[in-house]
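Enquirer: What follows is the residue order along each chain.
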Amino acid sequence: MSNVLRGLRRILVLVVVVGLLSATFARFAPGFDVDQDQLDARRSEDSLARLREARLSDGNVVQFYAKTLVGYLRGDLGFSRSMGQPVGDLLKSRLVPTAMAAGTGLAFAWLAGLLLSLIAVFRQNRFFDSGTAVFNGFLLCVPASVMALLLLLFLGSQGAFPAGIAIGLVLCPRIFQYARNLFQQGYTATHVLAARAKGLTGQRIFLGHVLPLAAPQLISLGGVSVSQALSAAIPMEMILNSPGIGQLAWQAALARDLSLLIMVTLVMSVAILLANMVSDLLVHHLSREQHS
Amino acid sequence: MTGGFGRILRMLSATVLGAIVAAGLLADLIAPWPYERQFREFTNAPPSSQFPLGTDDLGRDRFSRLLHGTRISLLLAVVAAVLATAAAAIIGGLAGYYGGRWDRVVTDGTDLMLSLPWLFVLLTVRAMLPLDVAPAASVAITFALLGLLDWAGPARIVRTGVRETLDSAFVLAARSRGLARPRILLYHVLPHLVPVLTAQFWISIPIFILAEANLGMLGLGVTEPLPSWGGLLRELESQSTAILSLSVPLWLLAPVGVLLAVVGCFQILSTTEVTS
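Chains as they are written, first to last, in the numbering used here: chain Y, 1 to 292; chain Z, 1 to 276.
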């Protein structure tokens with residue numbers, strides 16, 4: 001229970017600190033006082049005066065914070081100037097494609113990474129090791145955006161599914177390397193050596209002795225991989241034309257739509273913290289089980 | 001990567017990397033044309049003796065732009081790595097040395113930084129700064145941001161290193177002899193952090209090269225007409241229709257090849273550095 005409270009407190013601190021920092025950055029960012037619409041020659045004097053008035057109301061920093069905070073509490077996440085829609089609506093409509101892409105990517109990366117690491121540990125074949133080393137090295141050297149282009153070249157289609165596969169290809173080498181090293185380390189533990197000497201089958205040794213040793217760190221890696229998958233979503237969704245949060249962040253950055261961009265970053269940060277909290281809880285639960 | 005094969009691979013990596021770095025540094029001498037010169041009568045030209053990698057939409061020589069882009073991306077990734085390593089050394093070093101409240105603040109700060117989605121934060125901070133800036137300013141902004149946003153992970157490693165060093169017998173001996181704190185930090189703790197900091201520096205370079213490539217492809221990196229690897233890769237992104245129909249000209253992939261070679265070489269060499 002205390003771990004859940006600690007995790008939730010961390011999320012609350014993040015929301016408050018990042019919210020205030022973002023509001024400060026947004027308030028003092030160059031060009032805050034100027035609205036591009038004010039340069040539109042077709043606007044009437046009345047319209048220009050209203051725009052100036054709207055900008056002046058944000059001029060006082062304390063008022064600006066208060067307005068932002070009260071809005072958040074009411075569930076009003078602000079209004080996107082570039083998209084002409086409430087930020088909350090935009091986030092709702094974009095969450096599903098990103099969840100699909102990130103989910104596909106994570107599933108693909110974990111399945112492929114664990115499978116390859118198990119083959120590497122059980123087979124211990126030089127050719128397999130060299131092949132995976134070269135392939136892994138290649139995947140680690142490719143920028144996420146180029147990976148998306150390569151996938152476009154091979155799959156010839158765009159959308160959330162190809163974006164998910166591309167995210168999976170970015171994550172897979174990291175999961176494979178980490179899992180293989182953990183399993184190899186597990187096999188060198190003295191009690192595992194003793195189990196082998198007693199003639200236990202490979203399957204029993206792995207499931208009963210090696211996997212429990214590696215499980216806490218693999219679960220922690222699970223939390224970290226969510227963060228990596230969501231970060232990789234930006235170039236993937238932009239290039240593979242998947243209308244998710246990553247693409248929204250990119251469009252907001254190009255349009256310098258700070259209220260939207262900040263909210264997107266905050267939502268992603270909370271998602272990552274929640275994932276890390278869940279993995280921490282699982283690790284805690286597992287270590288208690290192992291000790292009892 | 002040990003033994004004869006590993007040694008050959010490392011030597012090969014060092015040679016390839018050396019050649020690419022030299023080509024980038026000598027871009028002014030090697031490049032057949034200035035990177036910004038436009039040949040309007042030769043737009044989108046295929047490779048020829050005049051333009052070894054053809055020309056782009058504006059009729060600029062791709063080979064010359066690749067050489068100059070190599071120089072910009074490589075030099076500034078190094079600068080960003082120096083910046084990130086220095087920030088990590090100062091923040092992590094002071095947190096480890098002074099401990100107590102300062103340590104808790106820094107640990108919470110690094111936790112917070114590490115839990116933020118890096119690319120989203122980078123995009124947000126970049127968008128808060130003006131997008132329409134002079135090319136030289138865009139270079140400075142891009143790499144200052146990269147350097148200043150990636151201190152948290154290395155700072156934590158440095159902090160742990162400092163704490164371990166402070167517990168060692170020779171630091172206790174120095175303390176018992178009444179040496180001043182700055183002296184202990186400078187002459188006894190810092191030399192022991194050099195291997196950690198060097199490893200962090202080498203690890204950071206390929207990370208920053210890849211980050212610049214991603215930012216450039218998103219249109220938020222170094223601005224035109226200055227070339228960088230990210231900017232050159234952006235040309236590929238605009239060819240997505242050609243990619244879909246499998247008709248993308250191979251010479252357009254030259255920046256990808258150079259980028260892969262450089263990051264690959266750095267990874268092979270940095271693995272050796274970290275291991276040592």
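Just to be clear, a hint being listed does not mean it is correct.
Quick look at which bits of chain Z chain Y covers, simulated, 3 or more residues with Cβ under 8 Å [to be verified]: (1) 134 to 144; (2) 173 to 181.
Selected chain Z positions facing chain Y (Cβ under 7 Å, derived; list incomplete) [as the list claims (entries may be wrong)]: (3) Trp-202; (4) Ile-203; (5) Val-263.
Chain Y side only, calculated, beta carbon under 10 Å to chain Z, not exhaustive [what the hints assert, rightly or not]: (6) Ile-119; (7) Val-121; (8) Ile-239; (9) Ala-253; (10) Ala-271.
Derived by calculation from the structure, the hints in this document are not laboratory data.
In this text, all values refer to a predicted model and were calculated from it rather than measured experimentally.
All C-beta atoms in this analysis are idealised placements derived from N, C-alpha and C, irrespective of residue type, glycine included.
Enquirer: Does the nearest C-beta of chain Y fall within a distance shorter than 7 Å of the C-beta of Trp-202 of chain Z?
Expert: It is violated, given that the least Cβ distance between Trp-202 of chain Z and chain Y is near 15 Å, above 7 Å.
Enquirer: Next item in the hint list is Ile-203 of chain Z. Is there a CB on chain Y closer than 7 Å to its CB?
Expert: 12 Å, violated
Enquirer: Take the shortest C-beta to C-beta distance between Val-263 of chain Z and chain Y; is it under 7 Å?
Expert: 4 Å, holds
Enquirer: Examine the region 173 to 181 of chain Z: at least three residues should have C-beta closer than 8 Å to a C-beta of chain Y.
Expert: It is violated: at least three residues are needed, and the region 173 to 181 of chain Z offers just 0 whose Cβ sits closer than 8 Å to chain Y.
Enquirer: Checking hints one by one. Is Ile-239 of chain Y an interface residue toward chain Z, by the C-beta closer than 10 Å rule?
Expert: Given a least distance of 6 Å, the restraint on Ile-239 of chain Y holds.
Enquirer: May I ask you to test the interface hint for Ala-253 of chain Y with respect to chain Z, counting a Cβ-Cβ separation under 10 Å as satisfied?
Expert: Check passed: Cβ of Ala-253 of chain Y comes within 4 Å of chain Z, closer than 10 Å.
Enquirer: Val-121 of chain Y was flagged as interface toward chain Z. Is the shortest Cβ-Cβ separation under 10 Å?
Expert: Val-121 of chain Y check fails; min Cβ-Cβ to chain Z is 19 Å, beyond 10 Å.
Enquirer: Do at least three Cβ atoms from the region 134 to 144 of chain Z come closer than 8 Å to Cβ atoms of chain Y?
Expert: violated (count 0)
Enquirer: Go through the hint on Ala-271 of chain Y and say holds or violated, using the shortest Cβ distance to chain Z against 10 Å.
Expert: Since chain Z brings a Cβ to about 9 Å from Ala-271 of chain Y, closer than 10 Å, the hint holds.
Enquirer: Tell me if Ile-119 of chain Y is really an interface residue toward chain Z, meaning its C-beta lies closer than 10 Å to one of theirs.
Expert: 20 Å, violated
Consistency note: the structure conflicts with the earlier hints numbered 1, 2, 3, 4, 6, 7.
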